[in-house]
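Following the hints, position chain E against chain V.
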Amino acid sequence: MRLHINGEERELVAATLADVLRELGIDPAVPGVAVAQNGAVVPRARLQVAAVAEGDRIEVVRAVQGG
Amino acid sequence: MSQTRSQAPARGEPGSQLSFAGRTFRSRLLVGTGKYKDFEETARACEESGAEIITVAIRRISLERGTGQSLLDHIDPAKYTLLPNTAGCYTVEDAILTARLAREALGTDLVKLEVLGDPQTLFPDNRGLLQAAEILLKEGFVVMPYTTDDPVICRQLEEMGCPVVMPLAAPIGSGLGIRNPYNLRIILETVKVPVIVDAGVGTASDVAVAMELGCDGVLLNTAIAGAGDPIKMARAMKLACEAGRLAYESGRIPRRLYASASSPLEGVVGSITP
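Chains V and E are the protein sequences, given in the same order. Residue numbers for the first sequence follow the working numbering, so the first one is 1 and each next one is one higher. Residue numbers for the second sequence follow the working numbering, so the first one is 1 and each next one is one higher.
Derived from the structure by calculation, the hints contain no laboratory data. Being a predicted model, the structure only gives us computed values, none of them experimental. Check each hint, because a few of them may be wrong.
Computed spacing ranges between beta-carbons, pair by pair [claimed, not checked]: (1) ARG127/E <-> ARG57/V: 25 to 31 Å; (2) VAL49/V <-> ASN180/E: 48 to 54 Å; (3) ARG185/E <-> GLY25/V: 51 to 57 Å; (4) GLU159/E <-> GLN48/V: 41 to 47 Å; (5) GLU159/E <-> ALA45/V: 35 to 41 Å.
One-sided and incomplete, this derived list gives chain E residues near chain V with beta-carbon spacing under 10 Å [to be verified]: (6) ILE58; (7) THR67; (8) SER70; (9) PRO77; (10) ARG100; (11) LEU101; (12) GLU104; (13) ALA105; (14) LYS112; (15) ILE172; (16) ALA199.
Even for Gly, the Cβ is constructed at its ideal location relative to N, Cα and C.
In isolation and in its complexed conformation, chain V is listed as follows (with noise of 0.2 Å):
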């Protein structure tokens, strides 16, 4: 499945926004993680059971250091 993952796009065979994590090495349990599909931000609860779509954009992103 096609996807655009923090705006790159990636051939993937996820079927949840959790497996699209795991493909990439991406611990969502990793603090100050958080993921958007599509431009709406999916609750860590929902990560598991969120379905993904060909052609998807999905953001991940985390806290970084900043001012």
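Only chain E this time, still in chain V's reference frame:
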């Protein structure tokens, strides 16, 4: 020679603390965590500054590098109030999504709202700021808006429900200091919510000037992180913030053009009186 005592400050009771949205802080200094050499230096500078509120940014995780080390491994969330920002956002939509992501990422309703209008000066797009603030306030965010030192915009942000306003003193990271103390004074007389000077501070005296004007707090980052010795500068900023606040609460003497002797004028040895 007796002199009339100066007036008590107009804003805030002496010894009062920075307070907004049901939260109270002993320190009136807020610091950013950007531009440090490493996480350890960031943590030490935050500690030394005495700040209780520290800002963080929200950024995409690199798909190549993964999560790796996190700032949050070095900053104790139990010790600090984390204030996520929407730095780098040039549209209302981006700022709103970033704020919502920050809420999910950090479990906080606080957001330092930036909607930028120009990449060279990083001046805010106040029209976008007002739009984004209105939406986020309706969603229950505690919106702390980074704005220009415009008393009318600050009043509008207050009327909208922002519990603080954060006018810039000079462009972000410029270190130019308090460029328009008169506007800050007008803002202080215009709004009732705390006024936190955000951006432009270069050194300790700038912080002191802002606090002596009666500002309720100062938010800074580059002035510490970019200093030759950031840890020492963090302490300088802490002391300047406290000194400036004490001076404000004390009520400074009025400026006068001519001298006023500190020693008694009577009983001077000698016979010549000009």
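Exercise for review: Give me the numbers of the hints this structure contradicts, sorted from smallest to largest.
Suggested key: none
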